[in-house]
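Residue numbers (this note's numbering), protein chains in the order written: chain R, 1 to 294; chain L, 1 to 400; chain H, 1 to 305.
These are calculated hints, taken from the structure and not from any lab test. Glycine included, every Cβ here is placed at the ideal spot set by N, Cα and C. Don't take every hint at face value.
[To be verified] Ranges of calculated distance between the beta carbons of each label pair, as one might list FRET restraints:
{"#": "1", "chain 1": "L", "residue 1": "N43", "chain 2": "R", "residue 2": "I81", "range": "53 to 61 Å"}
{"#": "2", "chain 1": "R", "residue 1": "G152", "chain 2": "H", "residue 2": "G180", "range": "39 to 47 Å"}
{"#": "3", "chain 1": "R", "residue 1": "V148", "chain 2": "L", "residue 2": "G387", "range": "28 to 36 Å"}
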Amino acid sequence: MNLTQQIVNAIWLGSVYSLFALGYALVFSVLGVLNLAHSAVFTWGAFIALTAVLSFSMPIPIAALIGMLGAGIISFLLEKIAFQPLRKRGAPRISQLISSIGAAIFLVALAERVFTTSVQRFPLGSIPDDPIPGLPFSVTPIQVIVLVAAIGLMLLLQALIQRTKLGMRMRAVAYNARTASLLGVNVSRIYGITFFLAGALAGAAGTLFGLAYNSMDPSMGEAIALKGLTVIVLGGLGNIKGAVLGGFIVAAIEVFSIAFLRSNFRDAIVYLLLFLILLVRPQGLIGQKEEVRA
Amino acid sequence: MLRKTAALLGLSALLITPTLAFAQDDAPTMGSDIAEACPAPANISGAIPVGAIFTISGAASVYGGSQQAAVQLAVDQINDWGFLGDGNSINILFEDSASENEQAIAAMTKLVDEDQVVAVIGPTLSREAFSADPVAQDAGVVVLGVSNTANGITDMGDFVFRNSLPEASVIPGTVADSVSELGITSAGLLYGNDDDFTVSGYEVMLSELSDAGVSIVGEETFAAGDTDFNAQLTNLIGANPDAIFVSALAAEATPIIQQARSLGYTGPIVGGNGFNSPAVLSQTGEDSNGLIVGAAWNGSSTNPLSTAFVEAFSEATGNPPDQFAAQAYTGAWLIASAIRCADSTDRAAIRDSLASLPEIETPLGLFTFDEDRNPVHPSITQVAQDGVFLPLISEEEPAS
Amino acid sequence: MDFFRSIGISEPVFQFMLVNALLGLSVYLTLITGMFSLANAGFMAIGAFTGAILTQTFGLPLIVGLIGGMIAGGLVAIPVGLPVLRLRDIYLAIATIGFGEIVRIALLNVDQVASSIVGERVVITGGALGIKQIPKMAETWHLLLLLALAVYFIWRLQKSRFGRAMAAVRQDERAAANMGINVVYVKNIVFIFSAMLAAAAGVMSAHLTRIISPTDFGFNQAVDILAFAVLGGTSTAFGPIVGAFLLTALPEVLRFTNEYRGIINGAILLLVIIYLPGGLVNPEGWRRTWRRFRPAQGEASVNVG
Chain R
1 MNLTQQIVNA IWLGSVYSLF ALGYALVFSV LGVLNLAHSA VFTWGAFIAL
51 TAVLSFSMPI PIAALIGMLG AGIISFLLEK IAFQPLRKRG APRISQLISS
101 IGAAIFLVAL AERVFTTSVQ RFPLGSIPDD PIPGLPFSVT PIQVIVLVAA
151 IGLMLLLQAL IQRTKLGMRM RAVAYNARTA SLLGVNVSRI YGITFFLAGA
201 LAGAAGTLFG LAYNSMDPSM GEAIALKGLT VIVLGGLGNI KGAVLGGFIV
251 AAIEVFSIAF LRSNFRDAIV YLLLFLILLV RPQGLIGQKE EVRA
Chain L
1 MLRKTAALLG LSALLITPTL AFAQDDAPTM GSDIAEACPA PANISGAIPV
51 GAIFTISGAA SVYGGSQQAA VQLAVDQIND WGFLGDGNSI NILFEDSASE
101 NEQAIAAMTK LVDEDQVVAV IGPTLSREAF SADPVAQDAG VVVLGVSNTA
151 NGITDMGDFV FRNSLPEASV IPGTVADSVS ELGITSAGLL YGNDDDFTVS
201 GYEVMLSELS DAGVSIVGEE TFAAGDTDFN AQLTNLIGAN PDAIFVSALA
251 AEATPIIQQA RSLGYTGPIV GGNGFNSPAV LSQTGEDSNG LIVGAAWNGS
301 STNPLSTAFV EAFSEATGNP PDQFAAQAYT GAWLIASAIR CADSTDRAAI
351 RDSLASLPEI ETPLGLFTFD EDRNPVHPSI TQVAQDGVFL PLISEEEPAS
Chain H
1 MDFFRSIGIS EPVFQFMLVN ALLGLSVYLT LITGMFSLAN AGFMAIGAFT
51 GAILTQTFGL PLIVGLIGGM IAGGLVAIPV GLPVLRLRDI YLAIATIGFG
101 EIVRIALLNV DQVASSIVGE RVVITGGALG IKQIPKMAET WHLLLLLALA
151 VYFIWRLQKS RFGRAMAAVR QDERAAANMG INVVYVKNIV FIFSAMLAAA
201 AGVMSAHLTR IISPTDFGFN QAVDILAFAV LGGTSTAFGP IVGAFLLTAL
251 PEVLRFTNEY RGIINGAILL LVIIYLPGGL VNPEGWRRTW RRFRPAQGEA
301 SVNVG
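Produce the entire structure from the sequences given, and follow the hints as far as they go.
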């Protein structure tokens, strides 16, 4: 019973991490920059959806879509305001990283004013949180939804990148923006779309996170931001499939270090792994150095 | 003597606002016993600057917002009443420490040196207090912690006070009550291991449980900011404890309760201050039944000052108050009382006055400071039942 | 002086500005050698705890704490730098974030591990409770002196042959190696200097805040330190100092904006980074900003690695 439950716990936590990491990885894959404001967009998505439910009594699925849309727009604006000017000047990537940090500080501070700092949740009973009966372990409907969403969105994103014209352009920009531009790709537009998609993914992750854990406050993104970073490094920076795989691996390590070792050691083991992976295999578990990062 | 007092009371009722008139036909209002013990100040005039340092932004801002609202409420009441004398008022200056020690020091320095406040309420976090309180102590300004629960806060000097019961004085009662009432013989422990508040809570729980002869069947930790406790809870539940004791912050309380229940645990969950919030109950619904919380204040207490506070706070902010609000509200009144009784804005006189305040009625119950400037008032062990906290044992035991 | 006080820069704020200037310089050293390291918060923690243990537990003077903290930081930098500095760019950044988290978690758990080995309760770092009531030994003139020494040292370093080697490594590692520069040696030495400077700042900061706990030195602190240098600019050593001064003073100066403080603070940071990409102390950047209303340059300089 215990071990089965821990395996379920690991799969569940893995789907949360994967979902968060998808958008993170997408931005890195196309732009090659770490967008540390991704977690702030995640928070905004969650709170926009919450506001849609609390103030406008919308049903959860509609609210989730609005959260995705809102987060997508914020992320798009983020690209135009915080990244594009730097890119146009050819500023080093480190400046873009710092710029994203400035944006994160701004967005979180704004969220504290707009949504207050108290801990909030979606109304009790908006999603059944009793375990599904008849199973030898405990799993709730929302946990299944998050798992399906994580895998489903990964497959969708993968298909978008591999099978569509848009995806082809994104890959071209990722490979070499200048060449893509010469070939007639509107690079600026591709960046905008990429950020919008990443933001929408963050919004979906934030909303589902809020529904699953019932504990939302403006700093909710901070705790998961570092985990998300570990996840995308493990999977190979900017590798979409890798992000999902990384999410499940980090979750499994966390859960099993609690199950078999001591919970104090959980984070030490995770970060030690991060450290070692970078030393031994910086391209990540399934990354290839020259692969188009998508 | 009696006639004189009665005459004085009558006079003040005539002079002063309807607040006191309301007080007469009903229960006492906040400050009425001080109004009786100390005459209205004659030697002070104008707006008296008082500082308050709370974490209004940053990681711990969930507490600061509620504290600020409560202090503002108290100050409005004090000023509306004319508690410090006709035409006099408290000019409350809020400063944000942003959950950072450096900013707490800067805020304290600004209040003490620049704004020339006569006393300071706060800062929110114990670690901020360890950084910033020495500034007030060196300048000879009273600093009254309203949420500092760590050991050693008032050891920093004779100007450092607090009205928040330290963990070490609440948890023993909680453990004793829950062990005796529920017949607990084995317990699992879950706590945040990177936060001073949750770790000190855990240490007291552990030693009290061991002293009570309860066997510890499991200990699990998490990190501040975590939201997923399934793995830890699965371990604990697998060891079949009679109760799970939790030392956690407010944001962690709701997910811990819900995940424990989802994993099929139906036994009692015993928590500290972090769980003592109406939000925890409204956010967990039925899952909170059987939650036991030791606390300095009970939101559904029938103490008339407490019910009046709950009503006023809910009206002012739209939300029911939590324990942090009750303590901050009481703190502002304590400072006002000290100023009134000192009849002076001299910093040292206010300190002496605060240290020698008579026992007074507050939303926290009958309140006084001990000789180490720590609070003495009843603490209570509550059990959650259908969305409200009720006393676990009917009679309340005093704690120090 | 009164003017500064009136806008919120009191003596404690000035002291933290000086400490942060030291931290800004520590990250400046690595940046001008082409290393994008976020390890400085970890070294700051090592310095702070070593220094506080020496002065508080053993009652030694501050100077002993300072030297002890710097030695500890430098010693830890050797085994960390050797493997990690082979990484570049964003990978180095992430690996050093990992290092910072490991330091934080180690400081949290060292007491428990030591206790279980010895068999009785041992208090070294105090775990989550940290070390309290550290004597406030650091004075403003200590910090001014330390900062002056650090600036002088860095100035001499940059003028020296070693300094030219640092610049060469930053320009192009492979070319530097071809020129006969021992790249591994240069990078590791700079990393050690940087760690010692961060550790010194940690010692001083502990003796100002009077309480330290491992949580004070997490990811957010690492990012703050990096921001000092990036905001100020790395074209001269004055950049990080100005950046640190500004970022430390800004929240205090903005106190009058009350609840909008965080928003304004973030917005200012963002605006400076966007419109002054080379940092505040960068004449070229200012010139460019004035001229920015000329036709756009297209996407020619996009950097996708």
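Right, here's what the structure says about each hint:
1. N43(L) <-> I81(R): 53 to 61 Å: holds, 57 Å
2. G152(R) <-> G180(H): 39 to 47 Å: violated, 56 Å
3. V148(R) <-> G387(L): 28 to 36 Å: holds, 33 Å
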